[in-house]
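Residue numbers (full-length UniProt numbering), protein chains in the order written: chain C, 1 to 345; chain W, 1 to 272.
Since the hints were derived computationally from the structure, they do not count as laboratory data. All C-beta atoms in this analysis are idealised placements derived from N, C-alpha and C, irrespective of residue type, glycine included. Do not rely on the hints blindly, as some may be mistaken.
As the list claims (entries may be wrong) - To give an idea of the chain C side of the interface with chain W (calculated C-beta under 7 Å), a few residues:
hint, residue
1, R115
2, G118
3, F196
4, R198
5, N206
6, M211
7, V213
8, G214
9, V215
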Amino acid sequence: MTRYLPPIVLVLLALAPLWLKDPYLLNALITGGIFTIGAISLNLLLGYTGQLSLGHIAFFGIGAYASALTTLGFDVGLFGDIRIVHAGWHPFAGLLVAILVSGACGYVVGRLSFRVRGAYFVIVTICFAEVVRLVALNWIELTQGPLALTSIPQMKIGFPGLGEMTLRTKAQNYYLMLAVATLAYVVVARLVGSRFGRAMRGLKENEQLAMSVGVNATRTLTVAAAISAAIAGAAGSLYAHYFRIIDPDVFLFAYTVTMVIMVVSGGKGALAGPVIGGLIFGTLPVALRPYMAPEAQWIVYGAVLIAILFVMPRGIAPYLDDWFAGRAAARSSAPVAKPQLEGQS
Amino acid sequence: MSAVADAPILSVDHVGVRFGGLVAISDLHFDVREGEILSLIGPNGAGKTTAFNVVTGFLKPTQGEVRFRGANLAGLSPNRINRLGLARTFQRTSVFPNDTVTDNVLIGLHREDAGASLLDAIFNLPRERAGEVARREKARGLIDWVGLSSRANERAGSLSYGEQRLVGVALALATEPTMLLLDEPVSGMNASETQNFMRLIRSVRDRGVTILLVEHDMPMVMAVSDRIVALNHGKLIADGTPDQIRADPAVIEAYLGKSAAAREAGREAAHA
Ligand SMILES: Nc1ncnc2c1ncn2[C@@H]1O[C@H](COP(=O)(O)OP(=O)(O)OP(=O)(O)O)[C@@H](O)[C@H]1O
Ligand SMILES: [Mg+2]
């Protein structure tokens, strides 16, 4: 039964622009979807390796800047007379550069912090995000600092035989978002189901035992961090070319929190988790907007999150899984059996 | 016993381990020969698990070194040591409790076919699928070997203690070791499970895997071991065949206390 759910959901989502004509709603879905891609990438780390990246937005933001700068071009002086001049490339090249640059950053951050892991990784990621934000704010020659990078070209996609298409309408951007989200979902699903995913799960469940059967903890976690960051970078690139303007505020801690909420409410360590969480917390702002001020909305988010976790401590997806399996009652006390889920150990 | 070659596969060379002021092991020195079943015995706290942790890279010795098939293990991480062909089970949990028995063994097989890359998995290439089929086949064989076929799809954490120990052994064997270290594998097993386990140990050895066993169950140790090394307070107190160890005054004293040792000695004298 649950096997057919992902394709069904995909079809429903693909039909959304057909009946959803309100550009405001479509915009909300695109934005929510872009952050859901970020949440899918975060889930690979948080859900499957148990490592919490509280600076995950850094990889998203780096992807956004990398993609924007690759497309816009830049001309910056390093030391002395040395200048780096780059003429703008195709936006699709921007997307690929974003994936590579963010992935490389994830690799380096993982490499630096996974020897010790746990709380140390959390701290390194927070610091990394803050440092990157300060760089974006102060390296004005490259990033325009608080003045923002503007006029970022819209994404262009080439179709074999059909020529190239510039994504101008909301519906087109919606489908791009959906395509990237689907790809991200499939990549994570394949990884998690492979022996690489087994190694990750082993590390999370019992690190010593995993190492004793040959799992290279540092390497496994570093590769997971790199892939996770690369996917977040792709999301950042979509963000840049959709909104066409980015400033250092893309590195705000609140965005990381949004992704963490999506993952935790939907169910970390479940493929569907970030998708469900993303659908709820991506559309909640839209649903609430007519009724309350933005500040008050945050309170509702909090209340919804608490309510979800109160009823379903492991998140919605695992709860539904159990429910489908017809043993919700037997399992609702199960999570207590593994106290040290993430961090430590 | 069956053919026992003389070359040491593992040498524990004057190893010492200190935890702050506590000396857990001092000057421990013994060899394990290829193809034998060697037991390491000693009362609680004697330093047996600590010795295992040193050999498998989880602890750095304060002195001495360990060599496995000629290679010095100093500074190698546990996963590297496993790749050299040394596998172990743990005294407490030796399974991934939330995974099925099959998935447990598959984690042990994750290095199989290491030539395939992550991209194979992401694109789900035929090579990856073929590898997966082969790994599952292998896992089935291992689970069969330890006698858990009927449990293959159950959560490892839901099995009895004795069965979990068997999963641990299958998991360790999945890494295709040339030597296997077992830390109290029959604790929590009943008599018939223990009998089965002894058969399993022998069959593992007969397939060319050298075995180092830590166990408190003396009848089992005496029955299954080619040789025994006894530890007390981190020091080696005896090294010999089961018969020699059974009669060794230092071993008797370590297990039963001084007065019992004296009594035993008196009885021996009376018999003589
Ligand atoms: N990580 C550690 N830190 C401090 N002391 C330790 C540590 N590990 C073991 N010890 C101490 O070292 C000594 C040897 O412990 P070890 O676990 O090796 O004994 P053992 O022979 O395996 O005992 P048992 O038969 O009860 O398993 C004990 O006194 C123990 O308290
Ligand atoms: Mg012990």
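Consistency of the hints with the structure:
1. The closest approach between the C-beta of R115(C) and any C-beta of chain W is roughly 11 Å, which is over the 7 Å cut-off, so the hint fails.
2. Taken as an interface hint, G118(C) does not check out: its beta carbon lies about 17 Å from the nearest beta carbon of chain W, beyond 7 Å.
3. The beta carbon of F196(C) comes within 6 Å of a beta carbon in chain W, closer than 7 Å, and the hint placing it at the interface holds.
4. The closest approach between the C-beta of R198(C) and any C-beta of chain W is roughly 5 Å, which is under the 7 Å cut-off, so the hint is satisfied.
5. Because the closest C-beta pair between N206(C) and chain W is about 6 Å apart, less than 7 Å, the hint holds.
6. Hint status for M211(C): holds, given a least beta-carbon distance of 4 Å to chain W, under 7 Å.
7. For V213(C), the interface hint holds, since its Cβ comes within 7 Å of a Cβ in chain W; the closest pair sits about 5 Å apart.
8. Checking G214(C) against chain W: minimum C-beta separation of about 4 Å stays under 7 Å; hint holds.
9. For V215(C), the suggested interface contact is upheld, since its CB lies about 6 Å from the closest CB of chain W, less than 7 Å.
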